Every structure is written in C-alpha cells, then in structure tokens.
Amino acid sequence: MRAMVYRGPYAVRVEEKDVPRIEHPNDAILRVTLAAICGSDLHLYHGLMPDTRIGHTFGHEFIGVVEQVGSSVQHLQVGDRVMVPFNISCGSCWFCARGLYSNCHNVNPNATAVGGIYGYSHTTGGYDGGQAQYVRVPFADVGPVRIPDWMHDEDAVLLTDAAATGYFGAQLGGIAEGDTVVVLGAGPVGLIAAQSSWLMGAGRVIVVDHLQERLEKARTMAYAEVLDYDEHDDVVVELKKQTDFLGADVVIEAVGAEAHGNLLQHVTGTKLKLQGGSPVALNWAIDGVRKGGTVSVVGAYGPIPNAVKFGDALNKGLTLRMNQTPVKRQWPRMFEHVRNGHLTPRAMVTHRFPLEDVAEAYHVFSAKLDGCIKPLILPSAA
Amino acid sequence: MTDPDIPSAYVRDKRTPPPTREELRARIPGWGADLDPADRPSYPKLQYPADTGAHWDFPERQPGGEGRERSIEHAFVTPVFGTAQPLRGLSGGVRRFAYRRFSEGRLAHWLLLIVGDRIDAWGSHLRSFASRRPDVPASGLRSELTHGGLRSRRGRSDARHQVLDPVVVAGPWVAGAAVTYTGVRRLVRVLRR
Chain A
1 MRAMVYRGPY
11 AVRVEEKDVP
21 RIEHPNDAIL
31 RVTLAAICGS
41 DLHLYHGLMP
51 DTRIGHTFGH
61 EFIGVVEQVG
71 SSVQHLQVGD
81 RVMVPFNISC
91 GSCWFCARGL
101 YSNCHNVNPN
111 ATAVGGIYGY
121 SHTTGGYDGG
131 QAQYVRVPFA
141 DVGPVRIPDW
151 MHDEDAVLLT
161 DAAATGYFGA
171 QLGGIAEGDT
181 VVVLGAGPVG
191 LIAAQSSWLM
201 GAGRVIVVDH
211 LQERLEKART
221 MAYAEVLDYD
231 EHDDVVVELK
241 KQTDFLGADV
251 VIEAVGAEAH
261 GNLLQHVTGT
271 KLKLQGGSPV
281 ALNWAIDGVR
291 KGGTVSVVGA
301 YGPIPNAVKF
311 GDALNKGLTL
321 RMNQTPVKRQ
331 WPRMFEHVRN
341 GHLTPRAMVT
351 HRFPLEDVAE
361 AYHVFSAKLD
371 GCIKPLILPS
381 AA
Chain B
1 MTDPDIPSAY
11 VRDKRTPPPT
21 REELRARIPG
31 WGADLDPADR
41 PSYPKLQYPA
51 DTGAHWDFPE
61 RQPGGEGRER
71 SIEHAFVTPV
81 FGTAQPLRGL
91 SGGVRRFAYR
101 RFSEGRLAHW
111 LLLIVGDRID
121 AWGSHLRSFA
131 SRRPDVPASG
141 LRSELTHGGL
151 RSRRGRSDAR
161 HQVLDPVVVA
171 GPWVAGAAVT
181 YTGVRRLVRV
191 LRR
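Just so you know, the sequences run in chain order A and B.
The opening residue of the first sequence carries number 1 in my numbering; numbering runs sequentially from there.
The opening residue of the second sequence carries number 1 in my numbering; numbering runs sequentially from there.
FYI, nobody ran anything at the bench for these hints, they're computed from the structure.
Owing to the predicted nature of the structure, the values given are computational and were not obtained by experimental measurement.
For each residue, glycine too, the CB sits at the ideal point set by N, CA and C.
It is possible that some hints are incorrect.
Sample of chain B residues with no beta-carbon within 12 Å of chain A, all distances over it, derived [what the hints assert, rightly or not]:
1. 54
2. 167
3. 186
Computed spacing ranges between beta-carbons, pair by pair [said to hold, decoys possible]:
4. A:150 <-> B:46: 25 to 35 Å
5. A:378 <-> B:118: 51 to 61 Å
6. A:340 <-> B:89: 51 to 61 Å
7. B:25 <-> A:378: 16 to 26 Å
8. B:165 <-> A:340: 38 to 48 Å
9. B:165 <-> A:219: 26 to 36 Å
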C-alpha cells in the first residue's frame, strides 16, 4: 500500500509499505477514504516529539471502510463506513470506565502519562497512523462509529479530533452565562472552541491570532471579535483593556507547542528544542485571564518541561484544566450540533491533497502558505 | 456614586452587562444550547454511564509483547500495543536504555529518546545515500512555487522566525558534509604518505 512516512525532521514522503494485518482478536483493518493533517502532526514533523522513529506513518484523523475484522469483533462488519476517534481505547480500564478515553491504560506500553494515539510516535504506543491507504484499528468494538448517512465526510473526519477538541476545550473552560471567553489561536481547534463557547452561553468571544485569513474565518465562522496580536506591542495589556482591566473569565489555549509571539520562547522551544515546545500562548493565557478565572489548555505539548509562569497562575488563584480529548464521549451531542448547523467543522477546510503530494501538504500547512487552515489527504486519489 | 470611569476590576460588578439572551440567540446559531452543564458531554468528570462497547473485564493479550520496550511506570507491557518500527541498531539500543533505566519523570528518559531519534535519522539518511531515493534536508519545497511562498509570507511577523528554518534544517547537513569532506581529505593525505 501507499503510505506517508517520516524521514527525519522536516522530511516526509510516500512509500510502499505492507498492508497492516490483524494482530489482536478485536482489531479491524480499515481502508482509509479520507484523512487530515492535524496541527499536532507538525510537532512530529518538526522533530519535537521524543521517540518518533524513521518510517513512522503519521495520521490520527481519518475515516474509512472496514476491510477486515478480528475474531472477537461484534459491533462492526466488513463494508461499514466508520469514523475513528484519534484515541485508541480499551473501554475497560479504570480510566475508560470513567469516560477518560484519552487516558486509557491498556494501549500504550511506552508511557503512562499519555494514552494511545494513531500515528503519533512511540511515545503514544507505536501505532502507524491513517495517512495511508490502510490502517490497523485496535479495539474495533470500542472506538469506531458508523458514519451517519446525513453526515458529510469532511465533517466526519474533522470530528475525529480537531472539532471534538475545540468543543472539549470550551467544556474545560466551565463557561457560565455571560462570560467573556478568549480563544488563543484561530486554527481548526480554536475556531470550533469559539463556536462552542457560544453554545455554552458566552456573552463575548474574542479570538487572538495574527494570520489574517484565520482571523477572518473566526469572524465569519464563529461570529467572534478578533484581536491581531501583531497590531499590539503587548497583547496581554490589550486584553486587559478590552475586558475593563478584569481579564477574561475563561481563556482557551488552542495553540500548543509551536506558538509564535515571543522570539526567545519560540527559538528555544521550537527551533532548538531546549524545552517541550514554546509556551507563549500558555503564558498569555495565564496573564490574560482574570484572577479566579479558568484556563483551558487543549494545545498540544511534549513531555519535556516548559518555561511556564506557574507562580502567576498560583497568585491569581486560577483553575487550570486540560487533557487530550476523550473523543467518543463528545460525539452523540456533537452530532446533534453538526446536524443543526451549530457547529460547522468543514467550513475550515482550505486544502485537499492527494496522498502522493503529502510532502507538499506538510510544507504548506507548516509554513502556512496559501492561507492554509486545514488540509485534508485523499488516499483514494493516489 | 462611584466615578463611572473607574474600570470594572476595581468595583463590585462588571460595568457593561453582557448582551441579553434574546440578542445573542438572534445573532449566534445555537447560542446557549449547552448552557446547562448537564448537557455538556464531559460533565461530570469521572462519571460515564454509557456502554463503552468493551465485552471483557481485561482485554485478551496481543501476542509478541515479550521483550518489547515499556515504561517502567507500567506493571507490564500493555495487552495491546503498536508494532510499527520495532527497535533496531544503535538508536534502538539508546532507546531501550532510556526505557529500561529511567522513568517518565526523569528528564534523562526523554533526552535519551531524542538522542535516539537523531541517531535513527542520521543512520537512515546515510543509508538512503546508497539507495535510489536519497533523503533531502527538507521535503515539499516545490510548494513554495505552487502555493505562493513569497506572497503567503508578506507582512507576517512569524516570517522572522521562519528565516531560522533553513539554518536549523540545513545546518546539520552542511556541518555533516564539511566534517565528511575534511575527514576524507585527511584520510587521502595519510594514505598518500
């Protein structure tokens, strides 16, 4: 089969690989019909995630058709069109039993601090991902769900991570009616976090970024006020001014490890890899939220320590909430929101690349060329 | 009466009340649909009455786990695991040592894994030079021409940071080529003597 493979930092290509096989009785093999590149894939692409091995196939956002099932699979059949949460989950450990699908303890021998994720290095279990023609799906009776007939494929693929993570990020904020919510980052996760904040009763939603096409999308897709941090010497001071010097009630950090906005943090965190990514957005969140407020973190960071302003978080009495998204737990309610048009994931898709052009897709997304907000990968077009 | 110019943070209540429900509902599709925390799928944390789909108490063990690397914070190799890119060669040795010796709480664990990553990458680059598909320092650069490389960066503040990319990406390749050239030249001189 054809599959994207990692060749080292900043280098990926398409290669021939063996079609994955059933390795456990509850496995399924999926023929991938649509995949996406996630912003967090760029952390792997840039060499930020420890134990990213040469030859690894990335991709944790994908949908497809069931080609083969293991002997114990009861809920899926060959030919089913399914969407697959980015979390690999057993459904039976202490954590899964309490809805923490993203923190499953039975699927990742390489680490206890993170669960299993498709195509996301060996630090998350060593599973090849879905930017390929076929992928192995462990615990087929737990994760995958048949795609409803009414659902658009592009909505379905975005619900496997980016959209679910934005919705989850708003929930972590514990938004109360009338709250002022600041969303840092107008990428795919931030856009849905902004839309979701309204569903939870926000009175104001302000989205911060510096890329014009993304700010415009935040205006049109999420009805948000926008703040271009390039236009201000100090974005935190501007946020204080705009919130009558209180700060935001809730800040949702939807940027993660490769934040710009501070040269020293960006160079040490992202370019030189001296910390687990650049925590600029996290520090802006801590500074920009009001005392006693809540910071929700859904931007992805690596396991290496970061230079985070923890003392300010303590002194301000903040609530810090964060996790990888337990995707399947979000779906029943999210399906309603997508069907009703309250959440519109596919409105963020800007680019569609055949699998054979995956190297270009990664470069365009990484360098944010051509107004790229969300690129999809089409394995069938290869 | 307090001076109305004094901002909200310095008085009891917010000076500007939020828009009314009616205003927000008229402007925002679905506003307030999840106003009640009980309608939010992740609430309450750690309580999840839904059927997960699992029909086992503990999953059947996937074959092949013996000897596989694992975090020493785990009691055993988990019943299901990835089998992509098993450990091999020098990078595999470094990674195995990182897993065996240091827990996830130790910085050495992660730094050794990154050292293993770089050994893996350079070993693969060297092997690729003897193949029909030699590696390049960065892939996908054709898109700089097809997707408006210059146009897309105009006026962007992060373009300053991207200037560093060629240094970070190509730097090790240039240094590697220089070391190789110097070494080969010295070797040739020694052999000629």
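Beyond 12 Å from every chain A Cβ - status for residue 167 (chain B): Non-interface label fails for residue 167 (chain B): nearest chain A Cβ at 8 Å, not farther than 12 Å.
Verdict for residue 150 (chain A), residue 46 (chain B) (Cβ pair) under range 25 to 35 Å: holds, 33 Å
Outcome of range test on Cβ distance (residue 165 (chain B), residue 340 (chain A); 38 to 48 Å): Holds, since residue 165 (chain B) and residue 340 (chain A) (Cβ atoms, about 43 Å apart) stay within the stated range.
Residue 54 (chain B) remote from chain A - nearest C-beta pair above 12 Å: Nearest chain A Cβ is 3 Å from residue 54 (chain B), so the label is violated.
Outcome for the supplied range 16 to 26 Å, where the beta carbon pair is residue 25 (chain B) and residue 378 (chain A): Distance hint for residue 25 (chain B), residue 378 (chain A) is violated at roughly 38 Å.
Range agreement (Cβ of residue 219 (chain A) with Cβ of residue 165 (chain B), hint 26 to 36 Å): holds, 30 Å
Hint check for residue 118 (chain B) and residue 378 (chain A) - Cβ pair distance inside 51 to 61 Å: Violated - the Cβ-Cβ distance for residue 378 (chain A) and residue 118 (chain B), about 33 Å, lies outside 51 to 61 Å.
Minimum Cβ-Cβ distance from residue 186 (chain B) to chain A exceeds 12 Å: holds, 28 Å
Assessment of proposed distance window 51 to 61 Å (beta carbons of residue 340 (chain A), residue 89 (chain B)): holds, 54 Å
Hint compliance for this structure: hints 1, 2, 5 and 7 are not met, and every other hint is.
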